[in-house]
Every structure is written in C-alpha cells, then in structure tokens.
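Number of protein chains: 2
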Amino acid sequence: MAKLRLFVDRLSQPSRAIIIFCLANGLDAEENLVDLGKGEHRKPEYKAINPMGQVPAVDDDGFYLFESHAILRYLASAYPNVKEHWYPVDVKKRAQIECILDWHHTNLRRGSAGLVMNRVIAPALGHPLDPKAASECEALVKASLDTINTLWLNEDGSFLKGSSEPSIADLSLACEVTQLQFLGEETKAKILSPYPKVRNWLDAVEKATSPHFESAHEKLRTLAAIFEQRRESQSSEQPAAQSDL
Amino acid sequence: MAKLRLFVDRLSQPSRAIIIFCLANGLDAEENLVDLGKGEHRKPEYKAINPMGQVPAVDDDGFYLFESHAILRYLASAYPNVKEHWYPVDVKKRAQIECILDWHHTNLRRGSAGLVMNRVIAPALGHPLDPKAASECEALVKASLDTINTLWLNEDGSFLKGSSEPSIADLSLACEVTQLQFLGEETKAKILSPYPKVRNWLDAVEKATSPHFESAHEKLRTLAAIFEQRRESQSSEQPAAQSDL
Numbered sequence: 000m001a002k003l004r005l006f007v008d009r010l011s012q013p014s015r016a017i018i019i020f021c022l023a024n025g026l027d028a029e030e031n032l033v034d035l036g037k038g039e040h041r042k043p044e045y046k047a048i049n050p051m052g053q054v055p056a057v058d059d060d061g062f063y064l065f066e067s068h069a070i071l072r073y074l075a076s077a078y079p080n081v082k083e084h085w086y087p088v089d090v091k092k093r094a095q096i097e098c099i100l101d102w103h104h105t106n107l108r109r110g111s112a113g114l115v116m117n118r119v120i121a122p123a124l125g126h127p128l129d130p131k132a133a134s135e136c137e138a139l140v141k142a143s144l145d146t147i148n149t150l151w152l153n154e155d156g157s158f159l160k161g162s163s164e165p166s167i168a169d170l171s172l173a174c175e176v177t178q179l180q181f182l183g184e185e186t187k188a189k190i191l192s193p194y195p196k197v198r199n200w201l202d203a204v205e206k207a208t209s210p211h212f213e214s215a216h217e218k219l220r221t222l223a224a225i226f227e228q229r230r231e232s233q234s235s236e237q238p239a240a241q242s243d244l
Numbered sequence: 000m001a002k003l004r005l006f007v008d009r010l011s012q013p014s015r016a017i018i019i020f021c022l023a024n025g026l027d028a029e030e031n032l033v034d035l036g037k038g039e040h041r042k043p044e045y046k047a048i049n050p051m052g053q054v055p056a057v058d059d060d061g062f063y064l065f066e067s068h069a070i071l072r073y074l075a076s077a078y079p080n081v082k083e084h085w086y087p088v089d090v091k092k093r094a095q096i097e098c099i100l101d102w103h104h105t106n107l108r109r110g111s112a113g114l115v116m117n118r119v120i121a122p123a124l125g126h127p128l129d130p131k132a133a134s135e136c137e138a139l140v141k142a143s144l145d146t147i148n149t150l151w152l153n154e155d156g157s158f159l160k161g162s163s164e165p166s167i168a169d170l171s172l173a174c175e176v177t178q179l180q181f182l183g184e185e186t187k188a189k190i191l192s193p194y195p196k197v198r199n200w201l202d203a204v205e206k207a208t209s210p211h212f213e214s215a216h217e218k219l220r221t222l223a224a225i226f227e228q229r230r231e232s233q234s235s236e237q238p239a240a241q242s243d244l
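If you're matching them up, the sequences are chains G and E in order. In case it helps, numbering that gives the first Met the number 0 puts the first sequence at residues 0 to 244. In case it helps, numbering that gives the first Met the number 0 puts the second sequence at residues 0 to 244.
Calculated directly from the structure, the hints in this document are not laboratory data. Hints are supplied without guarantee of correctness; some may be wrong.
Copies of one chain are not kept apart here, so a pair can be met inside one copy or by any two copies together.
Stated by the list, open to error - Below 25 angstroms or equal to it, Euclidean Cα-Cα: the simulated DSS-like pairs (lysine-lysine) are:
hint, residue 1, residue 2
1, Lys46, Lys160
2, Lys82, Lys206
3, Lys82, Lys92
4, Lys92, Lys46
5, Lys196, Lys46
6, Lys141, Lys42
7, Lys141, Lys46
8, Lys141, Lys196
9, Lys91, Lys46
10, Lys141, Lys187
11, Lys218, Lys37
12, Lys91, Lys2
13, Lys91, Lys196
14, Lys141, Lys189
15, Lys160, Lys206
16, Lys92, Lys2
17, Lys187, Lys131
Could you build all of it, start to finish, from the sequences and the hints given here?
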C-alpha cells in the first residue's frame, strides 16, 4: 500500500492539480476515486476523511489534510524529492506565490467554478441553470484572466511572476482555467482569445509537466465532449433555444 | 520613516488582523490609512501599491505585497522577532493552519463580508441592500461558525487546532467574526449564541493580543454604533419596516 493516499476526482480542478503535482514529482501516491457524480463525497465514510465533504483530500500515513493549496504546500515541504521551484524557500519569492494562491480563491476559482456550475453542470446535479449567476461569474473569470495576463505574466519567463519553472500556483490556476472545457471547445477558445500570454502559459504548464497534465485531463475532456454533443442535439431539435452555447 | 509601511483601514477585517499582528509582535510598522469610505482604495496612486485596489497591502522597504494571509505568512517568516506559534515551522502543524486559512476564503470570509455588505453597508456605498444575498450569506456564516465550534475548537487549548497560543489563522478568523458588529450588538450576540466555544475563543484571542485587539476595533465599534442609531431612528419613524434589524 502506498504511504500517501489521494482522495480525488479528476473532474475536480484542484484534484487534478494534486494528481499532476504527485506524478510530476515522482511521489509514491495511491489515487482513490471519490466519485462526485455518484455523490461519494457526501457519504459518512468520506466525511471521516474530509469533514467538509469536498475533494481533494490526502492521507499521509495517518495525517489527514484537505484544502488543495494547503495540500500542495504540505507535499512540497514534507517530501524532499520535490524541486524547490514548486514552492520557493526565499521568503519574498514565496510570498508572491502565496499572494497568487490567496487571490485565486475569490477571483479565478470563484468565477470559473460558478460559471461552469450555473451554465452547464447544475442540471446533472439536480439543480436549475442560473443564467444571471453564470454571467456574473463569466465577468469574474474574464477579469481574473486579465489580471493573470497583465499582472503576473508581465515579466520574462514562461511562468507566473517571471519564473522559468512552474510553482504550485501555476498548477492550481492552470487546472482551474482548463475547467472551462465544460463550456465547449469553441466557447473556451473565445473566452481565452483576448489573453495571449495566458494561452502561452497554459502550454508551458502542460509542457513542463508532460505527459501528466494531459493525461490528468482525459476524464474532463471525455465528459465535456458528452455535454457538448447533448447541447448540439438539443440545439438542432430546438433551433431557437440555447443560442449562446 | 518606518521600514515597514501598512496600507490599511481599520474598518476592514483583514487590515485589523495585520495591524494587531504587527503591534502584538512589536514590529516597527507605519500605519497608512487608505480610507475606504472616501474610495481611496480605487485611486491610481493606491493601485500602484495594490493593483487589485483592496486593503490591506504592505511595503516592506520596497517589497510590495497584498492579500492578507500572504502578508501574515510573510511577516511571520521574514521578521525573526515573531514567535513561532504564530506560524509553526513543523510541516504538519503548519499544514493545519494553512488548511484553515484556505478554508476561510470561501466560507467565513465570503459569508461575513457578504452578509454585512448586503444587510447594512451597501447603501453607504451607493448600492441597494439585497435581502436574498444577505440571507444566503448568513447561512454560510452560521455553517462556518459551526465548523469552527465543532471541528477546530474540539481539542484542549484555547486556540484553533488545540493550540495553547494563537496563530495567524486565529487572528484572521477572529477579525472576521468581529465584523458582525456592523449588524448591531444584539444581532451579533444572537448569531454567536449557539457557539459557546467560538465565544470563548474570541475572548482568548483578545486577551492574548491585549490591548491591541481591542484598540484596533475602536473605529469599527464607533461606526457600527452610528449605523445602529440610524436603524433605531428609522425604525421608530417607520415601525413596520426593517423589523429584523
């Protein structure tokens, strides 16, 4: 049995960040699926691991931890094999990574999760779509992408804050942007189109963690394609409806 | 001139956390008011310090940083005088603090800030009150207080995760709970009443950082009392309206 157990679903953006981090750093981790589609995250046996009932969580030889950024910081600090660029030791460099990680919660994360939920996923979870909430979240996503594009990718270097190698902030934010895949290939491309530095940065994160970034996103791409097919068939049956997707 | 400059408004909960942290640790910090009521946080000269246009921010001898949790981590790491309990070095103890700090963004912080804005402050900033949003945020505040009460104060020790001395997480969360003062003394007491451990913990944080916790809250108490007086006079003029405040 692996010492480090991950409780994850690859459809969840912070779960993917943890999985890619472990694979890219050669950590001996066992991946345990907590199937969000089946509501396994709400079951008592999972809440014994994470009382918040969310993924991801980890069990490191009896030490339980949740909140993806706390997990990334912990793994980068506790496992000596992890290269320093993931979580710099220099207090100022680290502080800049922390700033981006904290900013993320109330900006890109809030926008992206809310947009995908209220425009695409909600019915699959038994809730109605909410176009007003989706529009507000879309505005927040665009403002967040603009901040990444103009503020954190404004220096030399392929990664956030001008680094030549990725940090845990690159991984967390990149896995959030890829969640827009749920909106469909065309809509995702349209949202990203005004932000060339963001698009280049996503390619750089994928390349730096190859082939793990791509493989960790396979489940998302497959499900997103099913949602897209459904929208297309509904759209051809009811040509006047859902014109924006 | 002090080496460390704080850009803050004591009406902002994360600003208070930074101010109390500096005072409690004897850091030589210069407090610069960024008056939220006058919109000074939106002015270009402040956005040169924090492009997000929010308080708090710090300038540590030319190193600019925003996001209050990033600032607290930075100050605790960069200033040798800060006692270790504020930000434990042990990777597991630290990870538990990080977990609470990350959880805070999307739970207590989101609920408290939204509740106070949508039930009390919005008109003062030119926006309408939003009773539906306020109710949703109140539910999130109560769920968050329950989590603190049952999950993070369930061990011996006066502070979060059973510690006998406060961490930066104690300070951040406590300064958020005190923001409920804006709802009025009675409503705040009513919201806190089911959570005895939270009430004891607030007392412990105040005591551990005395007299700085109390003095940092004076501006909040003064303004909250003005809001309360206004509500009372409006209520006596229009007895049927605003019955819940």
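Taking the hints in turn, this is what the structure says about them:
For the homomeric pair lysine 46 and lysine 160, the shortest alpha-carbon distance between copies (18 angstroms) is at most 25 angstroms, but the shortest distance inside one copy (37 angstroms) is not. Only within a single protomer do lysine 82 and lysine 206 lie at most 25 angstroms apart by alpha-carbon distance; the minimum there is 17 angstroms, versus 42 angstroms between protomers. Within a single copy, lysine 82 and lysine 92 get their C-alpha atoms as close as 15 angstroms, and across copies as close as 22 angstroms, so both meet the 25 angstroms cut-off. In this assembly of identical chains, the alpha carbons of lysine 92 and lysine 46 lie at most 25 angstroms apart only when taken from different copies (21 angstroms versus 35 angstroms within one copy).
In this assembly of identical chains, lysine 196 and lysine 46 lie within 25 angstroms of each other by CA distance solely across copies; the values are 22 angstroms between and 40 angstroms within a copy. Taking the shortest Cα distances, lysine 141 and lysine 42 sit within 25 angstroms of each other only across copies (22 angstroms), while inside one copy they are farther apart (35 angstroms). Taking the closest pair of Cα atoms, lysine 141 and lysine 46 come within 25 angstroms of each other only across two copies (19 angstroms); inside a single copy the shortest separation is 34 angstroms, beyond that limit. Only within a single protomer do lysine 141 and lysine 196 lie at most 25 angstroms apart by alpha-carbon distance; the minimum there is 14 angstroms, versus 41 angstroms between protomers.
For the identical chains of this complex, lysine 91 and lysine 46 are inter-copy neighbours only, at 20 angstroms across copies versus 37 angstroms inside a copy, given an alpha-carbon limit of 25 angstroms. Proximity of lysine 141 and lysine 187 under a CA criterion of 25 angstroms is satisfied intra-copy only: 11 angstroms inside one chain copy versus 36 angstroms between copies. For the identical chains of this complex, lysine 218 and lysine 37 are intra-copy neighbours only, at 15 angstroms inside a copy versus 49 angstroms across copies, given an alpha-carbon limit of 25 angstroms. For the homomeric pair lysine 91 and lysine 2, the shortest alpha-carbon distance between copies (16 angstroms) is at most 25 angstroms, but the shortest distance inside one copy (33 angstroms) is not.
Taking CA atoms no more than 25 angstroms apart as the test, lysine 91 paired with lysine 196 passes inside one copy only; the shortest distance there is 24 angstroms, against 36 angstroms between copies. For the identical chains of this complex, lysine 141 and lysine 189 are intra-copy neighbours only, at 11 angstroms inside a copy versus 39 angstroms across copies, given an alpha-carbon limit of 25 angstroms. In this homomeric assembly, lysine 160 and lysine 206 come within 25 angstroms of each other (Cα to Cα) only inside a single copy, at 18 angstroms, whereas the closest approach across copies is 40 angstroms. Within a single copy, lysine 92 and lysine 2 get their C-alpha atoms only as close as 31 angstroms, which misses the 25 angstroms cut-off; across copies the closest is 19 angstroms, which meets it.
Taking the shortest Cα distances, lysine 187 and lysine 131 sit within 25 angstroms of each other inside one copy (19 angstroms), while across copies they are farther apart (31 angstroms).
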